[in-house]
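Starting from the known structure of chain A, arrange chain B on it as the hints suggest.
Residue numbers (our numbering), protein chains in the order written: chain A, 20 to 132; chain B, 2 to 113.
If you're looking for bench data, these hints aren't it; they were derived computationally from the structure.
For each residue, glycine too, the CB sits at the ideal point set by N, CA and C.
Misleading hints may appear alongside valid ones.
To be verified - Label-pair ranges, simulated between beta-carbon atoms:
{"id": "1", "chain 1": "B", "residue 1": "G57", "chain 2": "A", "residue 2": "N37", "range": "35 to 45 Å"}
{"id": "2", "chain 1": "B", "residue 1": "L40", "chain 2": "A", "residue 2": "Q41", "range": "20 to 30 Å"}
{"id": "3", "chain 1": "B", "residue 1": "Q42", "chain 2": "A", "residue 2": "L101", "range": "23 to 33 Å"}
{"id": "4", "chain 1": "A", "residue 1": "T89", "chain 2": "B", "residue 2": "I13", "range": "42 to 52 Å"}
{"id": "5", "chain 1": "B", "residue 1": "S74", "chain 2": "A", "residue 2": "G60", "range": "19 to 29 Å"}
{"id": "6", "chain 1": "A", "residue 1": "G60", "chain 2": "B", "residue 2": "S28", "range": "23 to 33 Å"}
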Amino acid sequence: KNQVEQSPQSLIILEGKNCTLQCNYTVSPFSNLRWYKQDTGRGPVSLTIMTFSENTKSNGRYTATLDADTKQSSLHITASQLSDSASYICVVSAKDSSYKLIFGSGTRLLVRP
Amino acid sequence: ETGVTQSPTHLIKTRGQQVTLRCSSQSGHNTVSWYQQALGQGPQFIFQYYREEENGRGNFPPRFSGLQFPNYSSELNVNALELDDSALYLCASKQASTDTQYFGPGTRLTVL
Numbered sequence: 020k021n022q023v024e025q026s027p028q029s030l031i032i033l034e035g036k037n038c039t040l041q042c043n044y045t046v047s048p049f050s051n052l053r054w055y056k057q058d059t060g061r062g063p064v065s066l067t068i069m070t071f072s073e074n075t076k077s078n079g080r081y082t083a084t085l086d087a088d089t090k091q092s093s094l095h096i097t098a099s100q101l102s103d104s105a106s107y108i109c110v111v112s113a114k115d116s117s118y119k120l121i122f123g124s125g126t127r128l129l130v131r132p
Numbered sequence: 002e003t004g005v006t007q008s009p010t011h012l013i014k015t016r017g018q019q020v021t022l023r024c025s026s027q028s029g030h031n032t033v034s035w036y037q038q039a040l041g042q043g044p045q046f047i048f049q050y051y052r053e054e055e056n057g058r059g060n061f062p063p064r065f066s067g068l069q070f071p072n073y074s075s076e077l078n079v080n081a082l083e084l085d086d087s088a089l090y091l092c093a094s095k096q097a098s099t100d101t102q103y104f105g106p107g108t109r110l111t112v113l
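Chain A extracted, bound-state conformation (with noise of 0.2 Å):
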């Protein structure tokens, strides 16, 4: 079953920290992954994306990573801010149905002054 899942469930840390989400995917055939940032009552808007043979991509001080043997993925946040408290959904499409996408529950991070 295709699958995908997200730790933590829910982050919290303070102003101009660190911090890494952690993403594992089952789906199969493996076409790309996507990060989403999603504000609270809003739409999802993309992060990054990365197919098969990339395995980091970033975004300003966001980065993601990929393991595709292990079916991992990350996104690394850095030096952050207050607005980046939002939800950050991972999202895997297969290579046989494009139109289909998993996503992943999310993580909900917020950031304290």
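Relative to chain A, chain B alone:
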């Protein structure tokens, strides 16, 4: 801003009623997908439309139906509303040749 808009922002209905949610895609995006997101959960795929035809569906009953129009707008219709239908409904559009979907802000539906 993603260029995808949804209306209404919030909606309250009672059990058994019907509801229509609307989405306006980015110009040129011929593919639109709809998702249901329960509180604290990730979005669940409902269905996708490509050139006004449904070409993919998730595990949702037939009372969830949709339409896509030539002007890049689309609708999600839900009949016989149930309490569990309370959720944030998201639409996302893209060009068929690309992987990246652009999400709208969502419609928050509450069923009482």
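So, going through the hints one by one against the coordinates:
Take G57 of chain B and N37 of chain A: their Cβ atoms lie about 38 Å apart, and the range 35 to 45 Å holds. Remark: the range hint 20 to 30 Å for L40 of chain B to Q41 of chain A is upheld by a beta-carbon distance near 22 Å. Look at Q42 of chain B against L101 of chain A: about 25 Å separates their beta carbons, and that is inside 23 to 33 Å. Checked against the hint of 42 to 52 Å, the pair T89 of chain A and I13 of chain B passes, with Cβ atoms roughly 45 Å apart.
Separation of S74 of chain B from G60 of chain A is about 22 Å and conforms to the stated range, judged on CB atoms against 19 to 29 Å. Between G60 of chain A and S28 of chain B the CB atoms are about 26 Å apart, so this pair conforms to the stated range of 23 to 33 Å.
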